[in-house]
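Asker: Turn these sequences into a full structure, and let the hints guide you.
Same order as they appear, the protein sequences are chains A and B. Going by our numbering, the first sequence opens with residue 1, and the numbers climb by one from there. Going by our numbering, the second sequence opens with residue 1, and the numbers climb by one from there.
Worth flagging that the hints you see were computed from the coordinates, not collected in a lab. Treat the hints with caution; some may be incorrect.
[Unchecked claim] Here are the computed distance ranges between Cβ atoms for each label pair:
{"id": "1", "chain 1": "A", "residue 1": "Arg96", "chain 2": "B", "residue 2": "Gln45", "range": "17 to 23 angstroms"}
{"id": "2", "chain 1": "B", "residue 1": "Gln45", "chain 2": "A", "residue 2": "Pro62", "range": "31 to 37 angstroms"}
{"id": "3", "chain 1": "B", "residue 1": "Ser3", "chain 2": "A", "residue 2": "Asn71", "range": "41 to 47 angstroms"}
{"id": "4", "chain 1": "A", "residue 1": "Thr30", "chain 2": "B", "residue 2": "Thr55", "range": "29 to 35 angstroms"}
{"id": "5", "chain 1": "A", "residue 1": "Gly52", "chain 2": "B", "residue 2": "Ser14", "range": "49 to 55 angstroms"}
{"id": "6", "chain 1": "B", "residue 1": "Ser52", "chain 2": "A", "residue 2": "Glu84", "range": "37 to 43 angstroms"}
{"id": "7", "chain 1": "A", "residue 1": "Gly52", "chain 2": "B", "residue 2": "Pro7", "range": "39 to 45 angstroms"}
{"id": "8", "chain 1": "A", "residue 1": "Ser27", "chain 2": "B", "residue 2": "Gly41", "range": "35 to 41 angstroms"}
[As the list claims (entries may be wrong)] Some chain B residues well away from chain A (every beta-carbon gap over 12 angstroms; in silico):
{"id": "9", "residue": "Gln6"}
{"id": "10", "residue": "Ser14"}
{"id": "11", "residue": "Gly28"}
{"id": "12", "residue": "Lys68"}
{"id": "13", "residue": "Val113"}
{"id": "14", "residue": "Pro115"}
These figures come from a predicted structure and were not determined experimentally. Glycine included, every Cβ here is placed at the ideal spot set by N, Cα and C.
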Amino acid sequence: EAGVTQSPTHLIKTRGQQATLRCSPISGHTSVYWYQQALGLGLQFLLWYDEGEERNRGNFPPRFSGRQFPNYSSELNVNALELEDSALYLCASRYRGDGEQFFGPGTRLTVL
Amino acid sequence: AQSVTQPDIHITVSEGASLELRCNYSYGATPYLFWYVQSPGQGLQLLLKYFSGDTLVQGIKGFEAEFKRSQSSFNLRKPSVHWSDAAEYFCAVGAISGGYNKLIFGAGTRLAVHP
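Answerer: Structural data, given as structure tokens:
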């Protein structure tokens, strides 16, 4: 069974640009979560999508947004990039109910 | 407010020694508790989880954890550490509302293993 996949592996952008990160959940999983792991800030919850809808949002500005497609894959968009957006962005998926979250390898975003 | 505390930022043990990583949580109801491990540059791998029932939970790679409600703790243990266990370990609590909808992580404990 294929795990959670994320693309790209690395992404380098300059301040003010937009970044798009992609996530494909495990087959059959309907929930997708996004987390940010920034140096010194730990792992912070960003967004939760389930059945195509945004269900919950962490304490991040509106320039962090995303969507979930009918095939349950998801996209995270970060607009007007700032230097402090440099981080590892982790995607996780979960089957409906109380199962655990399975994490992808992450996308490392570097903002110059 | 929900929170997770991992008091030890770095721990160093010798290969073959026992290990205990501490985790304390703050949550108003019965929590869903998790331990994840992250190798450098990698995503998170679930070691074990506690949802209910037996308070001693067995996980992968020989790890176990014990849920102690009175102490609000969920410490991770391993009787004999291998060099390949060197990694960063995260304790997390899941918010409960029709199934948890996000994980709150501790700051992590980085484990180094001496040969």
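Asker: Of the numbered hints stated previously, which ones are contradicted by the structure, given in increasing order?
Answerer: Violated hints: 3, 8, 9; rest satisfied.
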